[in-house]
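Following the hints, complete the assembly by docking chain B onto the known chain A.
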Amino acid sequence: NAGVTQTPKFQVLKTGQSMTLQCAQDMNHNSMYWYRQDPGMGLRLIYYSASEGTTDKGEVPNGYNVSRLNKREFSLRLESAAPSQTSVYFCASSRDRGHGYTFGSGTRLTVV
Amino acid sequence: AQSVTQLGSHVSVSEGALVLLRCNYSSSVPPHLFWYVQYPNQGLQLLLKYTTGATLVKGINGFEAEFKKSETSFHLTKPSAHMSDAAEYFCAVSDRGTYKYIFGTGTRLKVLA
Numbered sequence: 104n105a106g107v108t109q110t111p112k113f114q115v116l117k118t119g120q121s122m123t124l125q126c127a128q129d130m131n132h133n134s135m136y137w138y139r140q141d142p143g144m145g146l147r148l149i150y151y152s153a154s155e156g157t158t159d160k161g162e163v164p165n166g167y168n169v170s171r172l173n174k175r176e177f178s179l180r181l182e183s184a185a186p187s188q189t190s191v192y193f194c195a196s197s198r199d200r201g202h203g204y205t206f207g208s209g210t211r212l213t214v215v
Numbered sequence: 278a279q280s281v282t283q284l285g286s287h288v289s290v291s292e293g294a295l296v297l298l299r300c301n302y303s304s305s306v307p308p309h310l311f312w313y314v315q316y317p318n319q320g321l322q323l324l325l326k327y328t329t330g331a332t333l334v335k336g337i338n339g340f341e342a343e344f345k346k347s348e349t350s351f352h353l354t355k356p357s358a359h360m361s362d363a364a365e366y367f368c369a370v371s372d373r374g375t376y377k378y379i380f381g382t383g384t385r386l387k388v389l390a
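Going line by line, the protein sequences match chains A and B. Each residue of the first sequence is one higher than the last, beginning at 104 in our numbering. Each residue of the second sequence is one higher than the last, beginning at 278 in our numbering.
Next comes chain A alone, as it looks inside the complex (with noise of 0.2 Å):
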């Protein structure tokens, strides 16, 4: 089915180690956005890539990066992951802007 993708789908890290999370879209859209999901504060917006070859900061991108690596693809690096890390991450793509967001089906990170 089309949409995106993401993996893994559960990861327990300790702290300081590092993980890459993965993103996929086969819909050839353009934007594509990292999100994490705390109780009680909604989404909130990590990095995104407006389109292929460009990343920006969004309201969280404090020990994050992030890796537009084509069109299709967005990786999230946790370099040193800390507990307060600890999330609900989901990847979503647009066509562009004005259009909604398909998510993907969330990455569920504990870090200890």
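Hints are not guaranteed to be accurate.
Pair ranges (Cβ atoms, derived) [unchecked claim]:
no.	chain 1	residue 1	chain 2	residue 2	range
1	B	Lys345	A	Phe113	33 to 43 Å
2	A	Leu172	B	Thr354	38 to 48 Å
3	A	Asp141	B	Ser289	17 to 27 Å
4	B	Ala331	A	Ala185	41 to 51 Å
5	B	Ala390	A	Gln120	39 to 49 Å
6	A	Pro142	B	Asn338	23 to 33 Å
7	B	Ser361	A	Gly156	11 to 21 Å
8	B	Asn318	A	Leu172	23 to 33 Å
9	A	Lys117	B	Leu297	40 to 50 Å
10	B	Glu343	A	Asp199	19 to 29 Å
11	A	Phe113	B	Arg373	35 to 45 Å
12	A	Thr108	B	Pro317	33 to 43 Å
13	A	Asp141	B	Tyr316	13 to 23 Å
If you're looking for bench data, these hints aren't it; they were derived computationally from the structure. Every residue gets a Cβ at the ideal spot worked out from N, C-alpha and C, and that includes glycine.
What follows is chain B alone, placed relative to chain A:
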């Protein structure tokens, strides 16, 4: 900076009753407006959106929302709640010309039998 407020983190309605979920935004210039639904352990799904044109917008699953500029509101309604509507609902806004969306904190809808 743009902000969005969803009044009521939890709303309960009886099956068959009207659903009303509230959303207000802060911008003086009409933004793009969206409602998303999230079922447990799933990603968010677009319900409906307003970008321009008709202020009453119809979406999936019988939901609709009305953009009211004078009230800076975009409330979500459904005439008759169904058990399958139980989920969390998020309002989102984006300023025209930007790529960033701001999400509300969500309203969890409970439907009582």
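Going down the list of hints, with the structure as the test:
The hinted range of 33 to 43 Å is satisfied by B/Lys345 and A/Phe113, whose Cβ atoms lie roughly 42 Å apart. Checked against the hint of 38 to 48 Å, the pair A/Leu172 and B/Thr354 passes, with Cβ atoms roughly 42 Å apart. Between A/Asp141 and B/Ser289 the C-beta distance comes to about 24 Å, which sits within the given range of 17 to 27 Å. At about 47 Å, the CB distance of B/Ala331 to A/Ala185 agrees with the hint of 41 to 51 Å.
At about 46 Å, the beta-carbon gap between B/Ala390 and A/Gln120 stays in the expected band of 39 to 49 Å. Take A/Pro142 and B/Asn338: their Cβ atoms lie about 25 Å apart, and the range 23 to 33 Å holds. Distance hint for B/Ser361 and A/Gly156: a CB-CB separation of about 42 Å, inconsistent with the stated range 11 to 21 Å. The beta-carbon spacing between B/Asn318 and A/Leu172, approximately 27 Å, falls within the hinted interval of 23 to 33 Å.
For the pair A/Lys117 and B/Leu297, the supplied restraint of 40 to 50 Å holds, since their beta-carbon distance comes to about 46 Å. The beta-carbon spacing between B/Glu343 and A/Asp199, approximately 25 Å, falls within the hinted interval of 19 to 29 Å. In this structure the supplied range 35 to 45 Å holds for A/Phe113 paired with B/Arg373, their Cβ-Cβ distance being about 38 Å. The hinted window of 33 to 43 Å between A/Thr108 and B/Pro317 is violated, with their beta carbons roughly 20 Å apart.
Between A/Asp141 and B/Tyr316 the beta carbon distance is about 18 Å. The supplied range of 13 to 23 Å therefore holds.
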